[in-house]
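S.K.: Next come the chains, spelled out residue by residue.
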Amino acid sequence: MTMSANSKKSMGWSSILILLGVIAIYAGAMSLIVIIPVATLVWYGARPVLRSGRN
Amino acid sequence: MSTATLTLSNTQIQRSPVHTVEIYLKEIKYEFLKNLRLRVYTASVLSFPIMFYIFFGLLMKNQTIGATRMPTYLIATYGTFGIMGASLFGTAAGLSSDRGLGWLQVKRASPMPPFAYFIAKIVTCMVFSTIIVLSLIALGITLGGVRMPVITFAQLLGTLVIGSLPFSAMGLALGYFTGPNSAPSMINLMYLPMSFCSGLWVPLMFLPKALRQFALVLPPYHLSQLALGTVGAGTREAASTHWGVLLGFTMICLGVARIGFQRDQGKLYG
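Same order as they appear, the protein sequences are chains H and L.
When you line the first sequence up against my numbering, it's residues 1 to 55, in that order.
When you line the second sequence up against my numbering, it's residues 1001 to 1270, in that order.
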């Protein structure tokens, strides 16, 4: 399946979100102070990109 | 002869915040009504935890687990079991069948904010979770002789209802990677063993040591420990540890759900 550049970018950010989740599980409660704001930023970075404006 | 040209603009729909909130509330209302009218869903998610609670919590109400009476202990564990079922079936089964029917394409053609669809599913699961936990509390008070301060009941309810969010996220991830026919069996395949291994059916102390170790990596175990902590039956682990694991699990599931979403978009629209 060929993916647009935007889709690849969104999937990349989603993978980072998954990685942050794994870190949150293993790094303990204190790490949440850093992980929560970073995850929020990544969530907006990972905003699903809908192709538009092709006309 | 003239030619007509059509230009599709890429401008965002302008609407007031009040209008946006109204759309979200309407979507939540109809999602809730849809699930309420789906008797298989309502009957199964409500009856299973209540039935188990009657069998084990009320019929053996004079037993104790540690220093906690059985009816009190089992409100927390069967409450966790109940909210897991409501969340997983409410999101995963609904989403996969909507994808299968092409309902998401119809929704996309409407001027509704795309996020409203997911919020409606999550809030509906939280409402059903509230109904389940309140039913268990009502049974516990009336027939099980459970006595606790109102604030403890409120804490228990709040913990379990907020705790439904990771399982709703898990449901979204499952819903994007399973088909409409395979979704219910996939949910059961994960939900039932996970519940058993997390000590939701049988208290953890009665399980073999290997399963007790395995429970530590399961999200229902962490939610049940938070719920048990509110009724004074939790382990010595800090609550922040359990919340951390649940938050990490939620992020993993949301990431997987987003990959599924993007994959669907790529298949449908290129």
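Read the hints as simulated data drawn from the structure, not as lab findings.
A few of these clues could be false.
[To be verified] Quick list of in silico lysine-lysine cross-link-like pairs, DSBU-like style, CA-CA up to 35 angstroms:
| id | chain 1 | residue 1 | chain 2 | residue 2 |
| --- | --- | --- | --- | --- |
| 1 | H | K9 | L | K1267 |
| 2 | L | K1026 | L | K1267 |
| 3 | L | K1107 | L | K1029 |
| 4 | L | K1107 | H | K9 |
| 5 | L | K1061 | L | K1209 |
| 6 | L | K1107 | L | K1061 |
| 7 | H | K9 | L | K1061 |
| 8 | H | K8 | L | K1061 |
| 9 | L | K1267 | L | K1107 |
| 10 | L | K1026 | H | K8 |
| 11 | L | K1029 | L | K1267 |
| 12 | L | K1107 | L | K1209 |
| 13 | H | K8 | L | K1209 |
| 14 | L | K1209 | L | K1034 |
S.K.: All the hints need checking, so say for each whether the structure fits it.
M.R.: Going down the list of hints, with the structure as the test:
1. H:K9 to L:K1267: 16 angstroms, holds
2. L:K1026 to L:K1267: Holds: K1026 (chain L) and K1267 (chain L) sit about 29 angstroms apart, inside 35 angstroms.
3. L:K1107 to L:K1029: Answer holds: K1107 (chain L) to K1029 (chain L) is near 16 angstroms, not above 35 angstroms.
4. L:K1107 to H:K9: 25 angstroms, holds
5. L:K1061 to L:K1209: With a Cα-Cα distance of about 26 angstroms, the restraint between K1061 (chain L) and K1209 (chain L) holds, given a limit of 35 angstroms.
6. L:K1107 to L:K1061: Violated: K1107 (chain L) and K1061 (chain L) sit about 49 angstroms apart, past 35 angstroms.
7. H:K9 to L:K1061: 56 angstroms, violated
8. H:K8 to L:K1061: Judged against 35 angstroms, a Cα distance of about 56 angstroms means the pair is violated.
9. L:K1267 to L:K1107: Within the cut-off at roughly 17 angstroms; holds.
10. L:K1026 to H:K8: Distance ~34 angstroms between K1026 (chain L) and K8 (chain H) Cα, so the pair holds.
11. L:K1029 to L:K1267: Answer holds: K1029 (chain L) to K1267 (chain L) is near 30 angstroms, not above 35 angstroms.
12. L:K1107 to L:K1209: With a Cα-Cα distance of about 49 angstroms, the restraint between K1107 (chain L) and K1209 (chain L) is violated, given a limit of 35 angstroms.
13. H:K8 to L:K1209: 44 angstroms, violated
14. L:K1209 to L:K1034: 43 angstroms, violated
The structure does not agree with the numbered hints 6, 7, 8, 12, 13, 14 stated previously, though it agrees with the rest.
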